[in-house]
Amino acid sequence: MADPVSIDALTAELAEQAYLADRGLATVLALSLALSKPVLLEGEAGVGKTEAAKALALVTGGRLIRLQCYEGIDVAHALYDWNHARQLLYIRTLEASAALDPGRTLHDLFGREFLERRPLLEAIEHTDPVPPVLLIDEIDRADDEFEAFLLELLSDFQVTIPEIGTVRAASRPRVVLTSNRTRDLHDALKRRCLYHWIGHPDTEREIAIVRARVPGVPERLAVQAAAFVASLRELDLAKVPGVAETIDWIQALVALGESELDAGVVDSTLGSVLKHHEDIELVRDGHLSRLVAQAREG
Amino acid sequence: MPAPGDAVLERMVGFGRVLREAGLEVGPGRLQDALRGLEVVGLAHREDVFHALRCTLVARHDDLDAFDAAFAAYWERAGRTPAPEIGLEVPRFEPDSAPAPSAAEGEGGGDDGGEELTLLLAASPDERLRRRDFADMTAAELGRLRRLMERLPKAVPMRRSRRLRAARAGDALDARRTLRRAMRTDGLPFDPAYRSRKRVPRKLVFLCDVSGSMEPYARAMVMFLQAVIASGRHVEAFAFGTRITRLTPHLRKLDPARALAATGGLMPDWGGGTRIGESLRHYNDTWGRRGLTRGATVVVVSDGWERGDLRELDTELGRIARQAHRLIWVNPLKGRDGFAPLAGGMRIALRHSDEFVEGHNLVALEALADVISR
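Line order of the protein sequences matches chains A and B. The first sequence begins at 1 in my numbering and counts up one residue at a time. The second sequence begins at 1001 in my numbering and counts up one residue at a time.
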């Protein structure tokens, strides 16, 4: 049952989709494909957890189905709901045309055409030739009850809708869960998953990522900006910039037509990298010209 | 499916044992995943083996370091023992605290025989104990304290969830149920159903000073935290002296003596100096940054004697106060006679805190539980 998946081949295919995974991440993704197990990716914001799922979808050729979690998310938001407005409208129409037959109507009302599919049902009911990639994003924001529900779903990939019956996945979707680790997830849920922690990339990899993500970025700018962000991460910041911020920033610099860093440009675009007032103050007041000089020297 | 060689299987079972000793939860299911993972990646490259085992055998970030060390020691014979020995001497309770009281035990029953006389003369010994300053308690009294702690009112702050639940009268019409009921009345919604916001526990974060000046209170606080943590998954507890240490998993241990032993082993600064600002910064940079503080009720237990930089305390406490729903400061010394919040750190604490309460005896902790639940 374990199809061998070449880690090198997967790394190369991900790179074609402009996602540069290190050996550890590539291994986990390869294993999840081979073993049909969900992957739990943890890491700070902006290190590319969500992007990993998107890239995996592109590589496998499956559709990406995304469920964004939030506090208080429930089955009606995640799995299915009935389209009440349509149901009411349907009753009224039948009434007007005097075609109301209570028994039949009730049956029709809870038929599939009144069912609103949410991401989880979408992923289970899929008829795609290639299984979709189900991204359950920021699971740590959802509450315990929802986690328990997910656990059940992830173990047998089937749900029962009282009015319709049991829906079972024809082929299991690939599942990627992400978490910012604001709280510990249930051990039972973790036990179902392969686990990987994504850290900030080293400078070399970050330059490569920037090149892949921002085509046509001047070489010197990519190198200097990556070095600058790396040195920012050494500082004592409230929110350390992730790769996402580096990419945003370089896109801003490219849009402004810059080909290398200088203190003035950095000062005026710092808001793309640092998102806290205190952090921007800290860098402006104490470190900016020194860090820019360092980044330029390489 | 080619079966893994017996040699590999045997080595893996041994590795599982090493990991369990290092504190990881490695059951047969995980080992099986790991073996299947090895089949996929092969045994040719060390790095692939490493990552395959790591993602199948580790389930939490905190265990990554322990895994790396164990992997190096076991597979590469680096000559290190993977399980770090926790050898710190930790204060223990007197033996009379050891047997856990049964849940059915009646109020005031089962006390020491020696207390009977005072029972006749004064209020119940429990009552006296409730008002006794933790710092003046003997080890035996601390042991009895644990039983009283179990009867503390629940300290659970609540918030309104986005989630709705059925209610007689509520904030929003429940279209689903209204329609269902309408079917009984020929499609006419005579009997509307409502939903209202559900109340769910709010995140609760404890930051406890366990440095020298707080030491007499630290043990009682550990017991208090245990009682609170037992109430649900929404609670996180940290201890600090010169740096911050997460206590939550250790406090879940049922036996307080063992919980205390574990926390003592974690805390090199148990009884050392206080650098509150620096510790809070460490908390903000790790747990706070990931969003634990946001919307939480944060309780800081400290006397405010800052030996570090007062400005840092100001900044970091400010960060917490801005993100937290409520900041409660507990100072056990507040209950002592002649206390005035003059310590520099305490003035800053007062500026940022929403509530300022005492915590020197059980009555004060009961009040604290109320304040938290409010």
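Rather than coming from a laboratory, the hints here were simulated on the basis of the structure. Positions of the beta carbon are idealized from the N, C-alpha and C atoms, including for glycine. Check the hints yourself; a few may be wrong.
Unchecked claim - Okay, the calculated bits of chain B under chain A, using three or more residues with CB under 8 Å as the criterion: (1) 1050 to 1062; (2) 1206 to 1212; (3) 1355 to 1363.
Unchecked claim - Cross-link-like lysine-lysine pairs, in silico, DSBU-like; alpha carbons within 35 Å at most: (4) A/275 with A/54; (5) A/239 with A/54; (6) A/239 with A/275; (7) B/1154 with A/54; (8) A/275 with B/1154; (9) B/1154 with B/1198.
Open item on the list: Under 8 Å between beta-carbons, do enough residues of the stretch 1206 to 1212 of chain B, three at least, approach chain A for the coverage claim to hold?
Closed with: violated (count 0)
Open item on the list: Need the status of pair residue 275 of chain A, residue 54 of chain A: alpha-carbon distance at most 35 Å?
Closed with: It holds: about 25 Å lies between the C-alpha atoms, which stays within 35 Å.
Open item on the list: Hinted pair, alpha-carbon criterion (35 Å max): residue 239 of chain A, residue 54 of chain A. Please report holds or violated.
Closed with: Holds, at roughly 25 Å.
TODO: Can you take a look at whether the stretch 1355 to 1363 of chain B is actually covered by chain A? Rule is 3+ residues, C-beta closer than 8 Å.
DONE: violated (count 0)
TODO: Starting from residue 239 of chain A, check that the Cα of residue 275 of chain A is at most 35 Å away, please.
DONE: 7 Å, holds
Open item on the list: Would the hint linking residue 1154 of chain B and residue 1198 of chain B be met if the CA-CA limit is 35 Å?
Closed with: 19 Å, holds
- [ ] Starting from residue 275 of chain A, check that the Cα of residue 1154 of chain B is at most 35 Å away, please.
- [x] At roughly 38 Å apart (the allowed maximum being 35 Å), residue 1154 of chain B and residue 275 of chain A break the hint.
TODO: Tell me if chain A covers the stretch 1050 to 1062 of chain B under the three-residue, 8 Å CB rule, please?
DONE: With 9 residues close enough to chain A, the hint holds.
Open item on the list: For a C-alpha distance cap of 35 Å, please report whether residue 1154 of chain B and residue 54 of chain A respect it.
Closed with: The given pair, whose Cα atoms are some 44 Å apart, is violated under the 35 Å limit.
Of the numbered hints stated above, those contradicted by the structure are hints 2, 3, 7 and 8, listed in ascending order.
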